[in-house]
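Chains as they are written, first to last, in numbering that gives the first Met the number 0: chain U, 0 to 281; chain C, 0 to 321.
Quick caveat, the hints were computed from the structure, so don't treat them as lab data.
The structure presented is a predicted model; accordingly, all values stated were derived computationally and were not measured.
Every residue gets a Cβ at the ideal spot worked out from N, C-alpha and C, and that includes glycine.
Hints are not guaranteed to be accurate.
[Unchecked claim] Quick list of the computed label-pair ranges, beta carbon to beta carbon:
#1 U:ILE128 x C:ARG143: 28 to 36 Å
#2 C:PRO93 x U:HIS132: 45 to 53 Å
#3 C:GLY160 x U:ILE128: 43 to 51 Å
#4 C:SER319 x U:HIS132: 49 to 57 Å
#5 U:ARG189 x C:HIS53: 25 to 33 Å
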Amino acid sequence: MSRRALRKLVNALALALSGVATAIGLFFLGAILWTLLRNGLAGMSLQLFTAMTPPPGGSGGLLNAIYGSVVMTLIGILIGGPIGMLAGTYLAEYGRTTRISSVIRFVNDVLLSAPSIIIGLFVYELLVIRMGHFSAIAGAVALAIIAMPVTVRTTEDMLNLVPQGMKDASTAMGAYPWRTITSVIYPAARSGIVTGLLLAVARISGETAPLLFTALNNQFWSSTLTAPMANLPVVIFQFALSPYPNWQQLAWSGALLITGSILILSITARVVVARLNPGGKQ
Amino acid sequence: MNTVAAIDPRHAAGQRLRERVFRGATLAAALLVLLLLGGVTVSLLAGAWPAFTHFKLSFLAREVWNPVTDQYGALAPVYGTVVTSLLAMLFAIPVSFGIGIFLTELAPHWLKRPVGVAIELLAAVPSIIYGIWGLFVLAPVLQRHVQPWLIEVLGPLPLIGSLFQGPPFGIGVLTASFVLAIMVIPFISAVTRDVFETVPDVLKESAYGLGATTWEVIWQVVVPYARGGMIGGIMLGLGRALGETMAVTFVIGNAHRIGSSLLAPGTTISASIANEFAEAVGDLYTSSLVALGALLFLITFSVIAAARFMLLRLERKALSAV
Numbered sequence: 000m001s002r003r004a005l006r007k008l009v010n011a012l013a014l015a016l017s018g019v020a021t022a023i024g025l026f027f028l029g030a031i032l033w034t035l036l037r038n039g040l041a042g043m044s045l046q047l048f049t050a051m052t053p054p055p056g057g058s059g060g061l062l063n064a065i066y067g068s069v070v071m072t073l074i075g076i077l078i079g080g081p082i083g084m085l086a087g088t089y090l091a092e093y094g095r096t097t098r099i100s101s102v103i104r105f106v107n108d109v110l111l112s113a114p115s116i117i118i119g120l121f122v123y124e125l126l127v128i129r130m131g132h133f134s135a136i137a138g139a140v141a142l143a144i145i146a147m148p149v150t151v152r153t154t155e156d157m158l159n160l161v162p163q164g165m166k167d168a169s170t171a172m173g174a175y176p177w178r179t180i181t182s183v184i185y186p187a188a189r190s191g192i193v194t195g196l197l198l199a200v201a202r203i204s205g206e207t208a209p210l211l212f213t214a215l216n217n218q219f220w221s222s223t224l225t226a227p228m229a230n231l232p233v234v235i236f237q238f239a240l241s242p243y244p245n246w247q248q249l250a251w252s253g254a255l256l257i258t259g260s261i262l263i264l265s266i267t268a269r270v271v272v273a274r275l276n277p278g279g280k281q
Numbered sequence: 000m001n002t003v004a005a006i007d008p009r010h011a012a013g014q015r016l017r018e019r020v021f022r023g024a025t026l027a028a029a030l031l032v033l034l035l036l037g038g039v040t041v042s043l044l045a046g047a048w049p050a051f052t053h054f055k056l057s058f059l060a061r062e063v064w065n066p067v068t069d070q071y072g073a074l075a076p077v078y079g080t081v082v083t084s085l086l087a088m089l090f091a092i093p094v095s096f097g098i099g100i101f102l103t104e105l106a107p108h109w110l111k112r113p114v115g116v117a118i119e120l121l122a123a124v125p126s127i128i129y130g131i132w133g134l135f136v137l138a139p140v141l142q143r144h145v146q147p148w149l150i151e152v153l154g155p156l157p158l159i160g161s162l163f164q165g166p167p168f169g170i171g172v173l174t175a176s177f178v179l180a181i182m183v184i185p186f187i188s189a190v191t192r193d194v195f196e197t198v199p200d201v202l203k204e205s206a207y208g209l210g211a212t213t214w215e216v217i218w219q220v221v222v223p224y225a226r227g228g229m230i231g232g233i234m235l236g237l238g239r240a241l242g243e244t245m246a247v248t249f250v251i252g253n254a255h256r257i258g259s260s261l262l263a264p265g266t267t268i269s270a271s272i273a274n275e276f277a278e279a280v281g282d283l284y285t286s287s288l289v290a291l292g293a294l295l296f297l298i299t300f301s302v303i304a305a306a307r308f309m310l311l312r313l314e315r316k317a318l319s320a321v
């Protein structure tokens, strides 16, 4: 074979393999979604949203778990979101290139990828031991700690997208930075910041590990924040590993529910970003 | 013309005060990030202290894990964590590299975005979903079709044979690595794609101008240029794999032992904590689990910090090139 033909062959082979690799990645996404739909749709009924988690063998739904997940996710984002936004504002507008900002940025990136089970251990030591028992509020704090670095990152990125000219114009009119930030920069970056919050919600609503020993679980309806609270991920974990068919069915339905909501949230966030920043990659 | 703001001293003082309050609030929130890392470190060390002082260094070197006799050693979970993560990287790196090439150099423009988004959605799927999928779909498939073949073909080989012996359980170290690989592929491919895109077109075009094939451009121009960023992305994926909890807990089998075979059940640090922490009774038991957590934090912290450092350096390089 001539050298030229060999080079062409290697090229074709390598590019074909990269196509195969992409197909593998897409295949697994498809396989997971298909499994979820096939197993989860069977259990979709009104009862899923109106009844409590049943004992083994009984019939029931996921109402208490759905409620618990929504409550803890909301409290988590209500604590973690604003703090993250403020910190992101500091990095983008005040600190910018100072040394402390680079350190904070670095630490935030580390927290962003830190194992979530470590956050669970931290909140256990911080709250559960002090309170003497597992509680919904401990679960919410754990979720807040996971949501915060995500929000810091996206807020900083989004504020940096606001044109410098707008900031300069405001400053030139004699506005203090806080006025520029709250009246000019925040409105300009609003949909970007909201997107960041959506992504943070998507991230924490599927988290299981940090809830295992903070919120624990609760087979019954509870709206007391200082008591253990049911939540979808931990219920899925327990029910999927149980030997009871009705529990396993509920686990699949819960899994479909949670994945569906998260994918819808992420896709919405992406559409918003794409509209915000046409041409650029998100 | 409205000049009140400049003249009225009370108004100006109010503005300054608000500025101080707002600036203070943002700074406090930013410092909270540092405090959080400090808090996590201190609380883990404090919780792990009883176990570390009781077992001293032998905690790191012993395989025993026995709640009945209150004897604990970290060797089996640390071994499981490292082996599953490294194996996962072995599967994930070539695939992610391929996806990165496909998305930057090969895919037609209309295909880039949908495929890129689909791969990123794979990263948004919660880890518990990978867990149940791995347990109920992947493990049976591996048990029936892949593991018997591995045992038959690779089992009798010298040296590596012992890695593939024993009964096909379905669940175990190999299955966990496989699920981890699927989980980290989107992370590594996203970073690979992003660093490939930082390669200046001029460099690639000059190579094409000399008659290089697409593959030669990728291998001899793009990869050397993007090497630092790729290693950063790989280590970011490794950090994910090391700390991943739920997906592994479902499929690893949770056995506190070091099996010579990759098909045998094992455990990882995060799986041990997830399985046992809520039910752990006794201070030493709890403390030993927190000590495992502290080890995991130390390992992942080093890997993630190194990864971020490399990506940061690449970012600076890209900035200075502009």
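Quiz item: Which hints, by number, does the structure contradict?
Solution: Hints 1, 5 not satisfied by this model.
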